[in-house]
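Chains as they are written, first to last, in the UniProt record's numbering: chain A, 1 to 339; chain B, 1 to 339.
No false leads were mixed into what you were given.
Distance windows between CB atoms, simulated:
1. V206/A x P64/B: 18 to 28 Å
2. S29/B x G216/A: 40 to 50 Å
3. E215/A x P64/B: 19 to 29 Å
4. E24/B x S323/A: 57 to 67 Å
5. P64/B x K188/A: 36 to 46 Å
6. E146/B x E309/A: 52 to 62 Å
Read the hints as simulated data drawn from the structure, not as lab findings.
The model shown is predicted, which means the values in this text are computed figures rather than measured ones.
Positions of the beta carbon are idealized from the N, C-alpha and C atoms, including for glycine.
Number of protein chains: 2
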Amino acid sequence: MTEKNQQIVLASRPEGMPGNDNFEYQETSIVEPQDGEILVKTIYLSVDPYMRGRMSSAKSYVAPFEVNEVIHGNVVGEVVQSKSSLFETGDKVIGMLGWRRYNTVGDASVRKVDGSAAPLSTYLGILGLTGLTAYFGLLDIGRPAEGETVVVSGAAGAVGMVAGQIAKLRGARVVGIAGTDKKTEYLKSELRFNETINYNTTDDLVESVKQACPEGVDVYFDNVGGPVSDAVMTQLNDFARIPVCGAISSYNKTEEDIGPRVQPTLVKSRALIQGFIVGDYAPRFQEGSEKLATWLSEGKLKYEETLVEGFENTPKAFLGLFSGENLGKQLVKVSEPTE
Amino acid sequence: MTEKNQQIVLASRPEGMPGNDNFEYQETSIVEPQDGEILVKTIYLSVDPYMRGRMSSAKSYVAPFEVNEVIHGNVVGEVVQSKSSLFETGDKVIGMLGWRRYNTVGDASVRKVDGSAAPLSTYLGILGLTGLTAYFGLLDIGRPAEGETVVVSGAAGAVGMVAGQIAKLRGARVVGIAGTDKKTEYLKSELRFNETINYNTTDDLVESVKQACPEGVDVYFDNVGGPVSDAVMTQLNDFARIPVCGAISSYNKTEEDIGPRVQPTLVKSRALIQGFIVGDYAPRFQEGSEKLATWLSEGKLKYEETLVEGFENTPKAFLGLFSGENLGKQLVKVSEPTE
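I would like the entire structure built from these sequences, with the hints used as guidance.
Quick look at the structure:
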């Protein structure tokens with residue numbers, strides 16, 4: 001290997017909105033794989049809102065990234081050198097790997113994906129943790145029944161898009177909330193959402209939710225928290241269910257995230273709010289993956305990707321999540337697969 | 001019947017904290033029971049925090065009281081005249097009746113209670129909706145496991161006291177939060193709570209919760225909402241469960257009840273918050289009542305009552321709930337039973 005390696009480390013912990021300064025791009029060398037190891041060339045990198053949490057030192061469900069260490073995330077890559085009996089050169093794999101052009105890892109760190117069954121990028125999106133997040137959050141906590149009203153915030157994001165479509169497959173009436181007209185138009189025309197709300201252009205969010213949900217809200221798939229969620233929660237039906245997938249509106253706050261307390265609303269409506277992370281459903285990933293793959297192959301699920309080209313643009317792709325630049329799954333295209 | 005009747009109507013809807021002005025005491029006459037009706041003399045009246053909600057016109061899980069109409073609540077009384085084949089004079093009954101010395105009602109409005117099996121007052125408290133509220137909220141939503149830490153707010157109130165004791169019966173470590181030293185001492189010495197917090201005398205609620213719950217909070221039985229709940233929610237363990245029984249801290253607020261938004265906390269801990277009302281468990285009341293009666297007869301549950309004497313003092317008893325004057329169940333003793 002004569003090619004140089006590159007990697008991106010966390011240069012400093014962001015306070016508030018992260019910026020380019022929090023990342024450092026470094027030239028390094030490629031580490032030769034030893035017995036039981038493989039060398040993986042990065043094809044796609046996934047950037048996800050939850051990674052913002054790992055940039056802080058606060059305790060959470062995943063350990064924080066360390067300053068001056070390489071950031072890790074989901075990667076689809078190609079085995080370019082193998083000292084493992086489990087993998088051959090050319091195999092496509094997925095794993096939680098470093099933000100590097102080349103990762104040298106033990107063969108237990110990745111698993112194979114089949115690029116002929118579905119585009120490689122989908123294993124980071126609709127067929128990966130993104131799709132599974134929507135699948136389990138919506139069906140296990142949200143439990144929409146036919147004819148119920150399901151509201152999805154962050155509806156044009158990677159998870160929200162899948163959650164809304166699954167809700168439609170279950171016969172629910174689906175209302176999507178997003179931040180641009182381009183997004184809401186996509187949700188209506190391409191994904192056939194019943195109603196949409198652009199939270200950036202309405203001057204009365206509560207009224208917008210009320211109009212979009214004349215029969216109230218039975219399930220609220222919450223990706224964002226903040227004022228959008230406050231508004232949706234004014235329209236809950238009795239026994240509403242609220243899977244809380246994320247709270248992107250709060251991740252870059254430097255002050256405490258203050259809003260209406262939920263307790264009075266919960267007692268009135270006997271609603272349930274539950275936070276979840278997809279990892280908690282690991283024992284059921286097989287079930288979810290098969291279902292998502294079936295729906296996808298039958299044309300019942302659509303997906304969208306926003307690609308940023310070039311490894312060096314990974315921080316840019318990540319930062320764009322917080323200004324809502326992505327439609328669907330935000331990925332970084334780092335290299336072409338061999339064939 | 002030569003005796004006069006008296007009743008209390010809602011004179012006006014309170015704004016903020018209710019006061020005597022919102023109630024009007026009226027002299028009326030006793031209505032003769034017709035066929036299928038009975039005349040019930042009030043022995044005990046139950047006053048409960050949830051009634052504050054019914055004094056407002058806002059939509060909730062029970063219809064609002066109407067201005068100039070008699071307030072209704074749970075009553076234990078004695079049948080003093082019967083035109084029903086189902087009841088005899090002298091029978092003790094319970095039902096949702098008017099705040100009156102005498103109610104004339106159809107025989108489907110009440111059911112018999114057995115004053116020889118347990119004191120009559122307990123049917124309004126530990127053997128009634130109060131006990132059932134604690135039972136179902138704690139066991140169905142809270143689901144405490146042996147060795148887990150259960151925090152109860154409003155712990156010296158009627159519901160909290162039962163919830164904490166049931167949690168102890170399930171082998172949990174129980175921490176009670178209350179507003180006076182008299183209450184916290186009662187919880188420790190009489191009910192054997194493991195730890196208590198007086199939220200009125202601590203200057204750092206979060207720190208107090210942290211110290212009382214060194215292994216974090218697995219179940220939080222929430223009767224109060226507000227800053228007490230904010231503090232408890234900083235110490236949630238993964239997969240914590242929070243039955244929200246009431247939010248007494250908010251009932252008299254004239255401004256919106258603002259506090260830290262829960263979404264970020266919920267995602268981190270994957271906790272569940274669920275509002276409930278006891279009526280939702282009506283199909284399982286038999287199960288709950290039998291269990292509570294068994295525990296009570298075995299001496300495994302204790303209860304406490306705060307009695308105000310005299311029908312005319314009913315508003316006073318009700319208002320006292322919001323300044324925390326009651327230890328355990330707040331009742332009004334209106335008359336003596338015949339035998």
